[in-house]
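Asker: Protein chains in written order, with the numbering used here: chain A, 16 to 579; chain B, -5 to 536; chain C, 131 to 311.
Check the hints yourself; a few may be wrong.
Derived DSBU-like pairs: lysine-lysine, alpha-carbon spacing no greater than 35 angstroms straight-line [said to hold, decoys possible]:
1. B:298 <-> B:310
2. B:438 <-> C:203
3. A:232 <-> C:293
4. C:293 <-> B:529
5. C:251 <-> C:210
6. B:438 <-> A:41
7. B:154 <-> A:70
8. C:260 <-> A:230
9. A:145 <-> C:293
10. B:438 <-> A:18
11. A:255 <-> A:18
12. B:298 <-> A:38
13. A:70 <-> B:513
14. A:100 <-> B:513
15. A:70 <-> B:310
16. B:513 <-> C:293
Partner residues are not named here, just some residues of chain B that face chain A (Cβ under 7 angstroms, in silico) [claimed, not checked]:
17. 243
18. 247
19. 251
20. 252
21. 450
22. 460
23. 491
24. 492
25. 496
FYI, nobody ran anything at the bench for these hints, they're computed from the structure. Backbone N, C-alpha and C fix where the C-beta goes; we use that ideal spot for every residue, glycine too.
These are the residues of each chain, in order.
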Amino acid sequence: MSKVTFKINGQEIEADADLTVLKAAKQAGVDIPTLCDHPSLTPLGACRICVVETKNGALQTACTLPVTPGLEVETESPKVVEARKFILNLLFSERNHYCMYCEVSGDCELQNLGYRYGIDHFAFSPYMKKFPTDFTHKYIMLENNRCVLCRRCVRACSDLGGHYVLGIVNRGSDSLLSPDMESPLKSSSCVSCGICVQVCPTGALADKLGVYLGKTKEMEQIRTVCVNCGVGCGLVAFTKSDHVIKIWGDWESPVNRGILCEQGRYSPLHDKRKRVTHPIIRKDGKREVVSWDEAIATATTQLKSTKSKGGLVYPKVTNEAITYFQKLVDGNTAILENVTPEALKLKEKATLGDILSAKAILLYKVDPSENHGVISSWIKRAANSGTELTIVGDENHSLSFFATSHYSPEDKEKVVESFIGKEGSIVIYDPGICLKSVNLLSKLQGIARFLPLFKAGNSMGAVNLGLNGKLNDSEVVYILASEYGGDSDLLASLKDVKFLIVQANYLSPLTERADLILPSTTWIETNGTITNMEGKILKLTPVVKPTAEAKTDEEILKLISKGL
Amino acid sequence: MKIYRLHVLISTDSRSILRGALEIEAKLKEEIKKQGLENEVQILRTGGWGVEEGVQVTVYPGGLIYILKDEDDIPFLVTEHFLKGRPVKKLLFEIEAPPRVEAPPTVEEEILRKQTRLVLRNVGLINPDDIKEYIAQDGYQALAKALTSMKPGEIIQVVKDAELWGRGGAGFPTGFKWELTAKSPNTPKYIICNADEGEPGTFKDRVIMEGDPHSIIEAMTISGFATGATKGYIYVRGEYDLSILRLNRAIEQAREYGLLGENILGSGFSFDIEVRNGAGSYVCGEETALIESLEGKRGEPRFKPPYPSTVGLWGKPTVVNNVETLANILLIVLKGADWYKNLGVEDSRGTKVATLFGDVNVKGVIEVPFGYSLRDLVYEIGHGVPGGKSLKMVQLGGSSGSFIPADHLDTPIDWKSLRQIGAGQGSGAILVLDETRCVVDFLKNLLKFFNHESCGKCVPCRVGIAKALDLVDRVSEGNIAVEELEFMQNLAQVIRGTSLCGLGQAAANQILEALKYFKPEFISHIETGYCPAQKCGGFKHV
Amino acid sequence: MAKVRLASDWLDGCAGCHMSILDMDERLVELILAGVELSATPVTDLKEPPEEGVDIGIIEGAVATNHHEEVAKKMRKRCKILIAIGDCAVFGGIVTMRNYFSLDELKRRGYIETESTVDGKIPTSPEIGKLLPRAKALNDVVKVDAYIPGCPPSADAIYYALKALLEGKSPALIGELLKYD
């Protein structure tokens, strides 16, 4: 990148030629205030807070002004400060910006600007015109009276999420933020990814659950990784007194770059399932809460005394736990996810980033919107910027609106043929597809790259550690279930098992069947590593303390293996 | 070919149609038939000149202009004039002007006196729905010349040499704009004709589109050839039904004649045009908002740079030219830069089409060379202020234009002279206000308009205009301190300095200019509560 | 040192700002020693500022009734420097929440529909101030010279502003002292 020399506040600065004054100033340590700008969004130039004065006395917005050789800007000249104060006064007077009864007071960017520029009263008396509010959504509340119309949410919804739900209706001072052109949020096409809330600088969009639960400053921020699907999104949990108040996407995560889906952002906060709180043993058909010592001793005895033991893993557990587990059951292990080993041999593997740069995408019998919201976002974004999207799947596929072509599974051969020659394309597929499909897709090896859409956070790690195939018949079966509750097939297959150990987060049909239940920590209480679907090893950090007597899988397995 | 004794040109622009032009045409035909004159009198549809009232009917030979308001007058007109050859005085277009010493000229001469109709040369003369009439008036000659004997670079050069500046309001050199797009390596390139004429009181572009639609199509095709664009869009104000209809008809005809589409005139150059309707937003007249709207998004301006010349429609290089600017191209290509430069004055070449309206005797669409003074416009072409009142000010360029008080009336209309008094020429609307008009009330109406039309994207415009409107409202009610006028001025300066696009800046200009020229009137409103026009304060409730 | 006479009053407020004034604790004494004389204040329980006037007038609370308007105007007349103290006086504050409702709705909700009210009725006594159509900040009614926002403002902020005035400096709050909540 060629360099450009220009001046900020009289100081000479060298910056990359493609930067804006705002970005170059930031690199040089000069703080220019912003409101509508956001580092992850394209500049808009709407709020005018970041105006700087150029040599000829003109005011220009730093967020949109490109650096040019010989440019000279002042970032806090009297003219600039006066303009900023005026704009702030206009903003404060526009809608309901009374801080003392606002949810985000303390975290609000408008408020901080007011403090910075010494706004100690309203130069214009506020209108107090009543704008609509929308509290219909399960997680998100929309308060137009707090909105500064910065359009961060609109840009995030379209440019980051690819959803195009939020937009502005009406004109001028009547402009309103509105989902799907004046539909209530609840019945809109909103997918509850929550990125709008994450970027809102004021209290216009807020998480319902975290409302009035404190200022961000007073919370602890802990980075961890979501294990709800194979993507492995980085997230930041905001906690207070050992409670998770809200969850944000981690802007710095190379995996999801800030965005999350409903599962990552809201499921840990809205979880109503009943936890396993203590070790439980079934004695004479009755369940009994026992101490950890007794539970561990029972497990040890059972595992020691049997001739055949086996283990099943639901892959939302860490690599470390799996490694211990394999030793514990002598390698007789299987994964509780439908994975066809041959399907994983398709080469080359694609990375998540490839979705955005692919020339063509083939969605082979998967619908990422169901469980892989972030991938769905990226496919939408790619499709919006011209990537060809081909879907093989049901008619009511959630991405069919974005598809260039849509085929039913019967036409799969035709589709695969049509992809031959399409260099730079990627195939996103279900790792549990049948062998016939694998053979079909293998024709595209060398042309396309492959991304298996794993359902659980550490499926890839489990597979890498050798967990696949079938379990040999065993008398004692140990299940690392994490949050999995079992299905009828699994329960049927366990019918003849003499002793069943289930290590789980929640009470479920599976724990109902178990002879020994060991309470394990959920992923937000766990540390360790997982491997996401593109093979990146990601680190989990506990954001809250374990519930009741729950212990991490790794801890429990360590205790048991001590006695073996 | 038939030879007719009389040619009756009936204006069928949208305003005339609203006033019953089609009914009048039917009645005329009926009466002509009744009198057995159908082989002697020919009725022709043309565009209109934008006269204020009634339907304009021009009769040749003689160029007599009738203003017909009532169908019942038609039998008399047909018998008297068409049959017996006696013009009907009471129906003739009358100019309420002081009597002149010299012999009265015909009305047509009177109106056209001092005007130079170049852009409007065909308007009111040819049938806009008939490509043959356009071709008969040297139509598509310029395109033929450009495609067969000129290189793209030469066309750009001749436009640059002619010093043609954009007529949309900003006055950017057209040739330079074309050059930027021509030089950009990105493809495809686009030509957009900005026909979203939303400025209140401005309807010059409509008169051109309704009266001479082929000139726009021809000029856009030339522009496409010069810049390497392959597709053109005409973004027409949604309310301009007739313009849209006629442009579409003209495009169809041009395609039929091989003057548009694939391989135009066998030159190997292909270009096509599509008409797009605006959806009723003033700000979409701003080129980047227009582009957003064309892309199917909400019509809000983009920040500049980058300019559309290099990053425009769908991120591709795009020329955005106003209707009137394009209409000038043809004469420049046909007659050359030197000929064109003879018109107008230094830094402002050619003519300006404008709509003259307000407190003036003769209203309508006029065309004069640059350098013409406002006083001459109002008193010579407009025949002065009605009722012998004196002139208070002229608002030049519509709502986004400039206040020109009476003492600046001798300023010639050209970029340089106007800039010296801190004004711009804007869109070409000339609104004359007489001494009885209240500036506070006028400003209030302007701000109401801007408040309504602000897109709401940037803060200074969205909130600032609303606040300024509040302040002016309070002036009109006398409920404000005189010192607050200074605050109003500061506010306007911030709006002007920080708004994203021209809309906010223009609104602020109105405040600043009103205060610059008429501050005493504001102060007297506040101090005495008296409004000379009885528009403000307590008077409005009387 | 010449006496600096100070009067204060409250309008539609909660007395929280006056609590903050008292919260200056020993610094109140310091101010008094520095020459501040507390004239009519809710603290001294004198009802209105003396006719001969005071140097500094402090008003807490928003302007919500015609009665408040009178008090504000009287204070303005009788003081040299008028300080708006607390979010209600400075911005209109929590009182302005009622601006989103009509007066009828407001009175009905307040006097009749309150959950704890039985057989409520809207009072009509002429002694009670009439509600203005909208609650306003103090500077919408009279000219204000200095502002101490905060809900309530901290004792530190009030002390800072008063001290600055005594020293002939600008009482405008800076840094952490400026708070809206």
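Asker: Which earlier hints can't be squared with this structure?
Answerer: 4, 5, 6, 8, 9, 10, 11, 16, 17, 18, 19, 20, 25
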